[in-house]
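There are 2 protein chains.
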Amino acid sequence: MAANAQDAIMLFGDSITQGGWEDGGFGARLSHVYARKFDVLNRGLSGYNSEWAVPVFEQYFAKQHEQKHAPKIRLLTIWLGANDACIKPSPQHIPLEKYIANLKHLVDMVRSPDSAWYSPDTAIILITPPPVNTHQRRADLQARDPPKELDRLFDTTKSYADAVVKLGAGLQVPVVDIWNGLWDATGHEETALSRYLRDGLHLNAAGYSILYDLLMATIVKHVPTLDPSKLRDAIPRWDEINWDDPHPSIVKRDVQIPQ
Amino acid sequence: MAANAQDAIMLFGDSITQGGWEDGGFGARLSHVYARKFDVLNRGLSGYNSEWAVPVFEQYFAKQHEQKHAPKIRLLTIWLGANDACIKPSPQHIPLEKYIANLKHLVDMVRSPDSAWYSPDTAIILITPPPVNTHQRRADLQARDPPKELDRLFDTTKSYADAVVKLGAGLQVPVVDIWNGLWDATGHEETALSRYLRDGLHLNAAGYSILYDLLMATIVKHVPTLDPSKLRDAIPRWDEINWDDPHPSIVKRDVQIPQ
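Chains A and B are the protein sequences, given in the same order.
97 is the number of the first residue of the first sequence in this note's numbering; add one for each residue after it.
97 is the number of the first residue of the second sequence in this note's numbering; add one for each residue after it.
Source of the hints: derived by calculation from the structure; they are not laboratory data.
Do not rely on the hints blindly, as some may be mistaken.
Note: identical chains are not told apart, hence a pair may lie in one copy or across any two.
Under the rule of at most 20 Å between Cα atoms (straight-line distance), these lysine to aspartate or glutamate pairs were calculated in the EDC-like manner [stated by the list, open to error]: (1) Lys194 / Glu154; (2) Lys159 / Asp273; (3) Lys194 / Asp340; (4) Lys200 / Asp335; (5) Lys133 / Asp258; (6) Lys194 / Asp295; (7) Lys254 / Asp280; (8) Lys348 / Glu162; (9) Lys133 / Glu154; (10) Lys326 / Asp350; (11) Lys184 / Asp341.
Just chain A, with the same shape it has in the complex (with noise of 0.2 Å):
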């Protein structure tokens, strides 16, 4: 890690993640609750799907001989597959098995030796693409001028969630299934997820809290030394300086607190 730098979270993903930094957002609560210990980066691109995702990620993760200057990943999430989950023609549409090898190539890339861009510090975190409201997705389309035709399915968009639940179990990586975990919250009712989607597709507040419980849940079990309840602040904090000799006391330390 540069000496000038905090180690950071990178929240990789679509528009859902892009807009992670509104009001109510998980990638503004996790800046919050990081402050002082991780930066939190925003790498959502609105309208990418998986596919155009690869050519980013290799751009914005530094390579094994860059990583020394680079801050050190110590958490990447990755959020796509609410764009890839759309039907034809939309030129967004990613077939499903495509779809899932490019979330498998996205993961290897970290964790292969054999990988330019491989980071052994680097925990990764899969999230499924949320429940489409096909009621409210279609009103917003065709509120538009002009008006567009219906672009995604209920049921597809589950199918391309439920591969990743099986995709992170066949690699061991944890996942947070937001899209049960909204759908569960509607009580299995399509039209109740207007409460959690603000147009059928994006999370509003109410839907991006839902998904910071289960995220940092999902940290606390599976990534513990992430939890930031078990961190401490990088630089001391002002009542741990010294008072009558504070430059000395004031160093950068690492966030983990020695065992």
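Position chain B against the provided structure of chain A, taking the given hints into account.
Chain B alone, transformed into the frame defined by chain A:
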């Protein structure tokens, strides 16, 4: 700039900066509006005064020989003084002249070619400490266990804010005068500050909203090259991709639009 990083905005200050990613905070709003353009780094340190901030800045701002590897800091906000203006015997108290000398030192570290931290690509904006609502602050301190005496005075903090405005004029560094911004919003009535401060000292969402608007206006006026409406995304928008041959069109680029 490292290829794998985005240029960045560094928000440097005390708890009022550290808390900027709470709901409605200015850091979260900047993170959102600069998504895919600049990362916004939280370098706020609760309780810190300008004297303790100097060694922090020495460690968190890249030196000249480190800058080619570090994210380029395009904008640095320095928002200190709320703790310096504590009255004796608070260990946070820093005399006014020393506070201003410390701010000048921080600016010089970035702007002086003789400084190890010289960074000619970094624009600087100073922010004044906000006004104190001593009624609200006293009540907050008296409610603690054990109760504490009032530690800040309305007129003292005002004198620290006035001195920042004067320093900025002398150094030709733009200043966001949130002291007067909030004071004017109250119609010049100290108790009305409770609309903008959650505890007489720290801004709530309404206070951060005024700060955000003043800061964006200052960027547009004094650092127009960083006006977010004039920037493009570092990675092309999804509708800029050549869908028939996507990879060659997905290339990271300068967020400044070529003239």
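Each hint, compared with the structure:
When the C-alpha separation of lysine 194 and glutamate 154 is checked against a cutoff of 20 Å, the pair qualifies only within one copy, where the shortest distance is 18 Å, while the shortest distance between copies is 48 Å. For the identical chains of this complex, lysine 159 and aspartate 273 are neighbours neither inside a copy (29 Å) nor across copies (43 Å), given an alpha-carbon limit of 20 Å. For a Cα distance limit of 20 Å, the shortest separation of lysine 194 from aspartate 340 across copies, 16 Å, qualifies, whereas the shortest one inside one copy, 62 Å, does not. In the homo-oligomer, the alpha carbons of lysine 200 and aspartate 335 never lie at most 20 Å apart, since the shortest distance is 46 Å inside one protomer and 25 Å across protomers.
Proximity of lysine 133 and aspartate 258 under a CA criterion of 20 Å is satisfied in neither setting, with 34 Å inside one chain copy and 33 Å between copies. For a Cα distance limit of 20 Å, the shortest separation of lysine 194 from aspartate 295 qualifies neither inside one copy, at 27 Å, nor across copies, at 53 Å. With identical chains, the CA atoms of lysine 254 and aspartate 280 are at most 20 Å apart within one copy only, with a shortest distance of 13 Å there and 53 Å across copies. In the homo-oligomer, the alpha carbons of lysine 348 and glutamate 162 lie at most 20 Å apart only across protomers (17 Å), although the nearest pairing inside one protomer, at 22 Å, exceeds that limit.
Only between protomers do lysine 133 and glutamate 154 lie at most 20 Å apart by alpha-carbon distance; the minimum there is 18 Å, versus 26 Å within a single protomer. Taking the shortest Cα distances, lysine 326 and aspartate 350 sit within 20 Å of each other inside one copy (12 Å), while across copies they are farther apart (39 Å). In this assembly of identical chains, lysine 184 and aspartate 341 lie within 20 Å of each other by CA distance solely across copies; the values are 18 Å between and 67 Å within a copy.
Comparing the model with each earlier hint shows violations of hints 2, 4, 5, 6; every other hint is respected.
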